[in-house]
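Can you make the complete structure from the sequences, with help from the hints?
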Amino acid sequence: MDFISPEGLRLDGRRPFELRQLHAEIGVLDNADGSATFEMGNTKVIAVVYGPREVQNRSQQQLDHALVRCEYSMATFSTGDRRRRGKGDRRGTELSLVIRQTMEAAILTNLLPRSQIDIFVQVLQADGGTRACCINAAALALADAGIPMRDLVASCSAGYLNSTPLLDLNYLEDSGGGPDLTVALFSKLDKVTLLQMDAKVPLDVFEKVMNLASEGAKAVTQFLREILMENTKKLAFAKEPLKV
Amino acid sequence: MLQSKAYVKKTRHGRVLKVVREHYLRDDIACGTITCTACDNSKACLSASPAPIIVFDTNVVLRQIDLLENSAISNVVVLSVVLEEVKNKDLSVYNRLRTICSNPARNFFVFSNENHRDTYIKGLAGESPNDRNDRAIRVASKWYHEHLGPASKVVLVTNDAENKRKALEEGIDAQTVEDFVRKLGQAELLDLLVGAGTEDAQTTADADDNRPSKRKVIYPEHKLMSEITSGLHKGIYHQGKLRVNRYNGFEATVSTESLGQEILIHGRIDMNRGFDGDVVAVELLPQEQWQENSLEKIVEDVDEDESEEPVGLVPGSAEQLPELIETGPAARPRGRVIGIIKRNWRQYCGSLEPVENTSSAGGKVNALFVSADRRLPKIRIQTRQLENLSNKRIIVSVDSWERTMRYPSGHYVSTIGDIGDRATESEVILFENDINNKPFSQQVLDCLPPLPWSLPAEELQNPNRRDLRQVRVFSVDPPGCKDIDDALHCTLRPDGNYEVGVHIADVTNFVLPDTALDHEACQRGTSVYLVERRIDMLPKPLTEDICSLRADVERLSFSVIWEMTPEAEIISAQFTKSIIKSCAAMSYAEAQARMDDSRLSDPLTVDLRNMNRLAKIMRQRRIDRGALTLASPEVKFEIDSETHDPLDVGMYQIREANQMIEEFMLAANVSVAEKIVEHFSQFSMLRRHPVPSPKMLEPLLLTAAAVGVDLDISTSKALADSLDRAVGGDPYFNKLIRILATRCMTQALYFSSGDCTPPEFHHYGLASPIYTHFTSPIRRYADVIVHRLLAAALGLSKVPGALREKTMLTSVADNLNLRHRNAQMASRASVELHTLIFFKNRPTDTEARIVRIKSNGLIVFVPKFGIEGPVYLTGKKDKKDESDWIVNEQSQTTESRDGKYRFKVLDKLVVHIEVVEPQPNRPKLQLTLVDQANECMSIK
Numbered sequence: 001m002d003f004i005s006p007e008g009l010r011l012d013g014r015r016p017f018e019l020r021q022l023h024a025e026i027g028v029l030d031n032a033d034g035s036a037t038f039e040m041g042n043t044k045v046i047a048v049v050y051g052p053r054e055v056q057n058r059s060q061q062q063l064d065h066a067l068v069r070c071e072y073s074m075a076t077f078s079t080g081d082r083r084r085r086g087k088g089d090r091r092g093t094e095l096s097l098v099i100r101q102t103m104e105a106a107i108l109t110n111l112l113p114r115s116q117i118d119i120f121v122q123v124l125q126a127d128g129g130t131r132a133c134c135i136n137a138a139a140l141a142l143a144d145a146g147i148p149m150r151d152l153v154a155s156c157s158a159g160y161l162n163s164t165p166l167l168d169l170n171y172l173e174d175s176g177g178g179p180d181l182t183v184a185l186f187s188k189l190d191k192v193t194l195l196q197m198d199a200k201v202p203l204d205v206f207e208k209v210m211n212l213a214s215e216g217a218k219a220v221t222q223f224l225r226e227i228l229m230e231n232t233k234k235l236a237f238a239k240e241p242l243k244v
Numbered sequence: 001m002l003q004s005k006a007y008v009k010k011t012r013h014g015r016v017l018k019v020v021r022e023h024y025l026r027d028d029i030a031c032g033t034i035t036c037t038a039c040d041n042s043k044a045c046l047s048a049s050p051a052p053i054i055v056f057d058t059n060v061v062l063r064q065i066d067l068l069e070n071s072a073i074s075n076v077v078v079l080s081v082v083l084e085e086v087k088n089k090d091l092s093v094y095n096r097l098r099t100i101c102s103n104p105a106r107n108f109f110v111f112s113n114e115n116h117r118d119t120y121i122k123g124l125a126g127e128s129p130n131d132r133n134d135r136a137i138r139v140a141s142k143w144y145h146e147h148l149g150p151a152s153k154v155v156l157v158t159n160d161a162e163n164k165r166k167a168l169e170e171g172i173d174a175q176t177v178e179d180f181v182r183k184l185g186q187a188e189l190l191d192l193l194v195g196a197g198t199e200d201a202q203t204t205a206d207a208d209d210n211r212p213s214k215r216k217v218i219y220p221e222h223k224l225m226s227e228i229t230s231g232l233h234k235g236i237y238h239q240g241k242l243r244v245n246r247y248n249g250f251e252a253t254v255s256t257e258s259l260g261q262e263i264l265i266h267g268r269i270d271m272n273r274g275f276d277g278d279v280v281a282v283e284l285l286p287q288e289q290w291q292e293n294s295l296e297k298i299v300e301d302v303d304e305d306e307s308e309e310p311v312g313l314v315p316g317s318a319e320q321l322p323e324l325i326e327t328g329p330a331a332r333p334r335g336r337v338i339g340i341i342k343r344n345w346r347q348y349c350g351s352l353e354p355v356e357n358t359s360s361a362g363g364k365v366n367a368l369f370v371s372a373d374r375r376l377p378k379i380r381i382q383t384r385q386l387e388n389l390s391n392k393r394i395i396v397s398v399d400s401w402e403r404t405m406r407y408p409s410g411h412y413v414s415t416i417g418d419i420g421d422r423a424t425e426s427e428v429i430l431f432e433n434d435i436n437n438k439p440f441s442q443q444v445l446d447c448l449p450p451l452p453w454s455l456p457a458e459e460l461q462n463p464n465r466r467d468l469r470q471v472r473v474f475s476v477d478p479p480g481c482k483d484i485d486d487a488l489h490c491t492l493r494p495d496g497n498y499e500v501g502v503h504i505a506d507v508t509n510f511v512l513p514d515t516a517l518d519h520e521a522c523q524r525g526t527s528v529y530l531v532e533r534r535i536d537m538l539p540k541p542l543t544e545d546i547c548s549l550r551a552d553v554e555r556l557s558f559s560v561i562w563e564m565t566p567e568a569e570i571i572s573a574q575f576t577k578s579i580i581k582s583c584a585a586m587s588y589a590e591a592q593a594r595m596d597d598s599r600l601s602d603p604l605t606v607d608l609r610n611m612n613r614l615a616k617i618m619r620q621r622r623i624d625r626g627a628l629t630l631a632s633p634e635v636k637f638e639i640d641s642e643t644h645d646p647l648d649v650g651m652y653q654i655r656e657a658n659q660m661i662e663e664f665m666l667a668a669n670v671s672v673a674e675k676i677v678e679h680f681s682q683f684s685m686l687r688r689h690p691v692p693s694p695k696m697l698e699p700l701l702l703t704a705a706a707v708g709v710d711l712d713i714s715t716s717k718a719l720a721d722s723l724d725r726a727v728g729g730d731p732y733f734n735k736l737i738r739i740l741a742t743r744c745m746t747q748a749l750y751f752s753s754g755d756c757t758p759p760e761f762h763h764y765g766l767a768s769p770i771y772t773h774f775t776s777p778i779r780r781y782a783d784v785i786v787h788r789l790l791a792a793a794l795g796l797s798k799v800p801g802a803l804r805e806k807t808m809l810t811s812v813a814d815n816l817n818l819r820h821r822n823a824q825m826a827s828r829a830s831v832e833l834h835t836l837i838f839f840k841n842r843p844t845d846t847e848a849r850i851v852r853i854k855s856n857g858l859i860v861f862v863p864k865f866g867i868e869g870p871v872y873l874t875g876k877k878d879k880k881d882e883s884d885w886i887v888n889e890q891s892q893t894t895e896s897r898d899g900k901y902r903f904k905v906l907d908k909l910v911v912h913i914e915v916v917e918p919q920p921n922r923p924k925l926q927l928t929l930v931d932q933a934n935e936c937m938s939i940k
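Respectively, the protein sequence lines represent chains S and E.
When we follow UniProt numbering, the leftmost residue of the first sequence carries the number 1, and every step to the right adds one.
When we follow UniProt numbering, the leftmost residue of the second sequence carries the number 1, and every step to the right adds one.
Hints in this document: simulated from the structure, not taken from any laboratory.
All clues given are correct.
Computed footprint of chain E on chain S, listed as stretches where at least three residues anywhere in the stretch have a Cβ under 8 Å from a Cβ of chain E:
1) 7-15
2) 163-173
Over 12 Å on every C-beta distance to chain S, these chain E residues come out as not near it, computed from the model:
3) Lys342
4) Asp373
5) Arg380
6) Arg466
7) Pro479
8) Leu530
9) Asp597
10) Gln824
11) Lys840
12) Arg842
13) Asp845
Remember, it's a predicted structure, so these values are computed and weren't measured experimentally.
All C-beta atoms in this analysis are idealised placements derived from N, C-alpha and C, irrespective of residue type, glycine included.
What follows is the structure, given as structure tokens:
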């Protein structure tokens, strides 16, 4: 199948090095300490953060740092065919773990000993790149909850189809059978915190795809930063009248 | 820059699904005109004036792709909406259109109107997708007009009356194809049009004529697709590929999976407009109609057409054997075609049947096209240039086949040349076998290193390249060979062992993966050798100079170097890239002469003798393992250097030197195959030769039994041994049996090691558990792949990306098998053509052998010229019992009623060979029996 036309356009009209349209909202749920939705094209994810709060299960309490927990789920309606997915499925468990580890690396857990942070991530609409989208949403929600972090973490995926590296694969491209690589970065520290790919790829191709995904992640960071700034401005503006 | 617009699409995937996809609209899509200042015109190829910019709508592209392929059409905007529609409707037309678009000389520009901000439109409520797409085409045409300003001209070519009307209303210059072509002012282009002129006339006539059609219905109606699908599902109908008998266009078979047996289809009515290669749905006839006519005759008299087995070259393998229909005790199922699931129409090559009245000069006339391929029906075409075409080989396309028409209707595409002209006929052979003999494109030539090429200094420094220039390397090839891809050396080591090296041209050093050159070579797959010319896989500078391991020049090579004991046991094998300097490029005859000349004792001759000794041992060992020594009667023409006409013809002589070279090439191939599979078990390019099924060997056994030879076919070893024992009264007898055995074999195939299990890797003919092709990278693409794999296995380079995809290698292997077969067919056809030319003015009497006896004739083989064909004993129209001959098919004997002659299979007889032309433009060889008194017993 041709994933990229000789004119250099992908199936959805993007060029190979282009992200899908990004959209994010912060503070979508009032109940939670922090919440955000994040959209990459048609992939939409909601992330909700509770904490830092008291550890529910005392035996799990850590004396020197905070306990981070993460739960990933997919809404029944998130894909074209309605399918109920249990919480315990392999993919879900793996993704929960991946998100937890990535966020744990970002949070300054040593500042919040004896506490617990819960991150709930739910995919509302899936169209490829859910992994990256979940991490971005979780990062925003953590920021919204005011949890101290080392750096803003941002993630993006990239693939390799028809001998071309492609940024931010959608579902159609994702099911094209090529490699799919997800990267999460601390862009200020310039450190990679997550790198996942389950395919055999020659080294030179890997490098190209990896660089592309990193570039994508940096662009996403930029976007996250803008959204957070805007949100902060809004909050500052909301606070102002109170003072007067 | 990005704008997102989601649109909803329904697809069916078992159940109904709602699929939402993003669709991004852009503002950076260029219009592609050179003069445009607003757009990025780095890829522009269109000129806005004075020539108009042409936009074709989907139906025009689908129907008139032959017109679009003509170079007179240029300055065309191909809209992405049209491309998409064409792709969904007909993939082959899409591929052809894409080829045109990618040719820079044609000035076709693809405009992605569906992704352009200003030309994207949303479907309106109640608007059908077709109407929406038509509107999109109009919007894009209008956009071009506005974008380029009032001075520009944009023509929308559409045959849809409604679309044209709306376009004119919107101020777009819309024309029908006919008007458009007429305005181009080139009469011959009108012939290219599908249903030129008749389309409108017919539709109006049909509209007026509500009575039942006056024309007689000839063929039964095709069933509806839905009926076929449900019938297939229920098992009433069977689906399969229609295979028309190569020698009799009125007989076809359909092999179905659902029935597990071939269904026989007899006659054009039952074939119901099916072409060879079409996927059809078949309904079985009632069982009592199954065994209507015995088919054990060479010729079937059917309708008005003559159809008979032609005299041709001896078949080389089972695939090329005339499909004889066995009349076993159980009758074969017969059926009739009730619908065509997928057409296999392509372009066909042939000539026009001569017509008497050529009165309407310049006007449109109907003519019948006859192909050289007997599997095709005649094709009705309309032409305005009958006088020009009457003696030409032409190419036509098929458009449709109505129930009321005896023959399908088509249209003229192009002319190749004069009938009977040798160059034209060679072109025809290439066309029929789908061999690309176009000159290499500029992109491909750009990949070549600058000429004149000499060994670059850095190669000498390359630590991975061994310098073997001091070694006494030589090559042995057929005389006049210019593409020398192998050379050898053989030196005595101090310890008494031999160092034997096979050096193969390092083609992959110049043909880098994923270049235009690589893609072209992969497409061509192999060089094609015709009698008088060669069609190269790689451009000439590579084939004949840079890669060719000529004498006394430094060349890059890829070497296999063994250490061998004097008993030819391989102690070790080494693979390395190297630099060699061949000291002699000999022909087989020269090498043989050197070895035979006892006075010579120079180092080179000693090397040759040593090698020959080793080769003999290796050969014997291989034969002991069960390798078959098969024979094929290859013929060699002596060609006049100026006229290129054949002067003499004779059997190709095989010397010891040939066998010596062959032996070392086999050994190199086996060594390399083992090496690459060890490293890349999933994607090595190998070659296998399947074990022939007992059924395929049946004709051989039948013949052998008739002459009292007992063949054991249980293993290749047993067969080889029993072939050795089969010695008849004269020296040629054994060779004849071997020739008959050869044609029962299947052909060897390329495959990817990931697709088969290791036991299936076996090469039956060579009795080798593993085999590949490594030794001829200049003329075979498989070898190029193997070279790359070997280099990767040695760690000299990376595995090219394309090879790592399993499906990719499989498709490459499939293509190579196809190309290889086509190349062989073309070579055979070329030899047949030259045989025909040779005998044209030389009717000859010569000795022949009977290979099969049938009810009305003998199939004879003429060893001297390598041809095979029928000798008729009974006249065509004679009844069986009136014949002068009594035939016993079981024991394969025949005798004349007067007892004058008695023939047994494999007997010798004398035949008269001459060229006859029963139908114009179809000259053929005719064999007739000559009796001892040299009295010609021609039946006709």
